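Colleague: Guided by the hints, dock chain B onto chain A, whose structure is given.
Number of protein chains: 2
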Amino acid sequence: MKPVNLKEKLKLFSDHWNPRIVGALNGQHVKLAKLEGEFVWHSHTEEDELFLVVSGELKMEFRDRTETVQPGEFIIVPAGVEHRPVAEREVEVLLFEPASTINTGGSEDPRKREDLDWI
Amino acid sequence: MKPVNLKEKLKLFSDHWNPRIVGALNGQHVKLAKLEGEFVWHSHTEEDELFLVVSGELKMEFRDRTETVQPGEFIIVPAGVEHRPVAEREVEVLLFEPASTINTGGSEDPRKREDLDWI
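Chain order of the listed sequences is A and B.
Be aware that the first sequence starts at 4, since it is given in our numbering, and climbs by one per residue.
Be aware that the second sequence starts at 4, since it is given in our numbering, and climbs by one per residue.
Isolated chain A (complex conformation) (with noise of 0.2 Å):
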């Protein structure tokens, strides 16, 4: 129950695509993670999830449009529905999923991450 500061925390990192866990509640988790590129098409088939951006404009594909999310904006990407998050330069994101989720969802990438660490 101490104040988590988003800024001090994303310090404490610089690769990308490698989400951290900084809280958890109601079997959901909040992540940081940096972005930078672009990731592969993927869908989660049974989580919902929120990228907050905290810095940087993240262009998120979907199969028919692109959604552009600014810094203090965010966008909620259903289970089941395709997505590529692309960043041209750097991007700082918040997410809100359930610990479940697995970065690639059912997609094989190199970048595929379980067990995040906490920090």
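Since the hints were derived computationally from the structure, they do not count as laboratory data.
Being a predicted model, the structure only gives us computed values, none of them experimental.
Accuracy of the hints is not assured; some may be wrong.
Since the list gives no way to pick out one identical chain from another, each pair is judged satisfied if it fits inside one copy or across any two copies.
Said to hold, decoys possible - Below 27 Å or equal to it, Euclidean Cα-Cα: the simulated DSSO-like pairs (lysine-lysine) are: (1) Lys10 x Lys62; (2) Lys5 x Lys62; (3) Lys62 x Lys115; (4) Lys5 x Lys115; (5) Lys115 x Lys12; (6) Lys14 x Lys115; (7) Lys10 x Lys115; (8) Lys62 x Lys12.
Modeller: Below, chain B without anything else, positioned relative to chain A:
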């Protein structure tokens, strides 16, 4: 699946202690609220609750201590823990909690809100 801008949504209302819903995922709601003054002591039997401060300085009182939460910081209050949010000046917060959560928990208060509006 559209981006939601927190500041734009916060411009749509001015009353205090009356959260609005701005997103839903995995049985949880994302809410925005403006707080000013002292709320009622309460706890939530089943629900953990996250407060992310967007602007202002939030004092989260617990029975044994007080935590100060600044913009860009969040605090998680676990189910069953008595707490009282206090805002000496107006505070804007994003809340993340189960859709079932009532703002006053198990306490009675005229500021109790049910059937929250979506904005």
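Colleague: Is the C-alpha distance from Lys115 to Lys12 at most 27 Å within one copy, between copies, in both cases, or in neither?
Modeller: Answer is within; shortest intra-copy Cα gap is 22 Å, inter-copy 34 Å.
Colleague: For Lys5 vs Lys115, is the C-alpha pair at or below 27 Å within one copy, between two copies, both, or neither?
Modeller: The answer is between: 26 Å across copies meets 27 Å, while 30 Å in one copy does not.
Colleague: 27 Å Cα cut-off: does Lys10 pair with Lys115 within a copy, between copies, both or neither?
Modeller: within (24 Å within a copy, 33 Å between copies)
Colleague: How do Lys62 and Lys12 come out at 27 Å by Cα distance, when the copy is not named: within, between, both, or neither?
Modeller: Both. Shortest intra-copy (23 Å) and inter-copy (21 Å) distances satisfy the 27 Å Cα cut-off.
Colleague: One pair to classify: Lys10 and Lys62, alpha carbons no more than 27 Å apart. Within, between, both, or neither?
Modeller: both (21 Å within a copy, 20 Å between copies)
Colleague: Using 27 Å as the alpha-carbon threshold, which applies to Lys5 and Lys62: within, between, both, or neither?
Modeller: Answer is between; shortest inter-copy Cα gap is 12 Å, intra-copy 32 Å.
Colleague: Given a CA cutoff of 27 Å, do Lys14 and Lys115 count as a within-copy pair, a between-copy pair, both, or neither?
Modeller: within (22 Å within a copy, 39 Å between copies)
Colleague: What label fits Lys62 with Lys115 when the C-alpha limit is 27 Å: within, between, both, or neither?
Modeller: within (20 Å within a copy, 39 Å between copies)
The structure meets every hint from the earlier list without exception.
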